[in-house]
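Engineer: Basically the numbering used here = 1-based index in the sequence shown + 4.
Among the hints, a few may not be true.
[Claimed, not checked] Cβ pair distances, simulated, as ranges:
#1 Ala202 to Gly76: 31 to 39 Å
#2 Leu64 to Met157: 32 to 40 Å
#3 Thr62 to Arg146: 19 to 27 Å
#4 Met5 to Thr155: 27 to 35 Å
Because the hints were derived from the structure by calculation, they are not lab data. Idealized CB from N, CA, C, for every residue including glycine.
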Amino acid sequence: MPLAIESIGAEAQPLCILDDFAPDPEALRDFAAAARVGEARNHYPGVRAELPGDYLATQLPPIAAAVAKSFGRRGPVEVIDASFSIVCTPAEALSVPQRLPHVDAFTPDRIALVHYLSPGHDGTAFFRHRSTGFETVDEARRDLYFRQLDTEMRYTGPPAPGYVAGDTPLFECIRVAEARFNRALLYRSSNLHSGAIAPGAALSGDPREGRLTVTAFLSVGA
5 MPLAIESIGA
15 EAQPLCILDD
25 FAPDPEALRD
35 FAAAARVGEA
45 RNHYPGVRAE
55 LPGDYLATQL
65 PPIAAAVAKS
75 FGRRGPVEVI
85 DASFSIVCTP
95 AEALSVPQRL
105 PHVDAFTPDR
115 IALVHYLSPG
125 HDGTAFFRHR
135 STGFETVDEA
145 RRDLYFRQLD
155 TEMRYTGPPA
165 PGYVAGDTPL
175 FECIRVAEAR
185 FNRALLYRSS
195 NLHSGAIAPG
205 AALSGDPREG
215 RLTVTAFLSV
225 GA
């Protein structure tokens with residue numbers, strides 16, 4: 005599969021782009037269409053469903069090879085969580101954390117995967133927190149970042165209901181990774197990021213109509 009290693013922002017964190025990622029993406033779409041969906045956890049603005057049992061067995065070897073090449077981590081790959089995911093929460097129903105860029109983990113071993121399985125939908129955006137300049141939030145930055153963000157939110161109020169779309173008063177959008185059918189992204193879970201959900205985007209929970217992805221969170225040994 006074609007592999008490109010690019011960088012994100014001034015911190016130049018790796019962004020690994022894998023096109024033609026799965027051997028049979030249409031079969032994955034069929035499986036998702038027949039799967040039972042349920043409410044997502046951890047502030048994800050939509051629904052999730054279980055993956056077919058052979059997905060990770062098939063995809064982990066190329067993931068491990070790509071992580072070694074992109075991030076220099078060659079240890080065992082542990083899957084923390086992986087599922088089909090569909091963004092479908094209406095903009096007006098988003099919680100405050102869902103209206104902000106976020107990080108998924110703070111340690112260098114944690115890598116995120118997004119595998120796009122719907123043609124014509126939105127990609128993934130990466131951000132810089134304006135007042136701290138942070139593009140990533142690790143354990144060393146964690147307390148300062150959240151303390152500063154809490155102070156800003158108390159003085160300015162929470163963002164208006166809606167998905168993060170480009171620059172905001174508190175965050176600068178530094179990169180948008182384009183979604184393409186059967187493309188996968190790998191990036192550090194400590195990158196500030198969000199789905200690049202455009203205003204007025206279709207937010208169907210139907211796997212055939214909505215923004216169907218596989219999202220996975222990995223721990224990779226050094």
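Engineer: The structure should be examined with respect to each hint, and the outcome stated for every one.
Structural biologist: Status of each hint after checking the structure:
1. Ala202 to Gly76: 31 to 39 Å: Since Ala202 and Gly76 have Cβ atoms about 34 Å apart, the given range 31 to 39 Å holds.
2. Leu64 to Met157: 32 to 40 Å: 39 Å, holds
3. Thr62 to Arg146: 19 to 27 Å: 35 Å, violated
4. Met5 to Thr155: 27 to 35 Å: The hinted range 27 to 35 Å is violated for Met5 and Thr155, with Cβ atoms some 45 Å apart.
The structure is inconsistent with the numbered hints 3, 4, although it conforms to all the rest.
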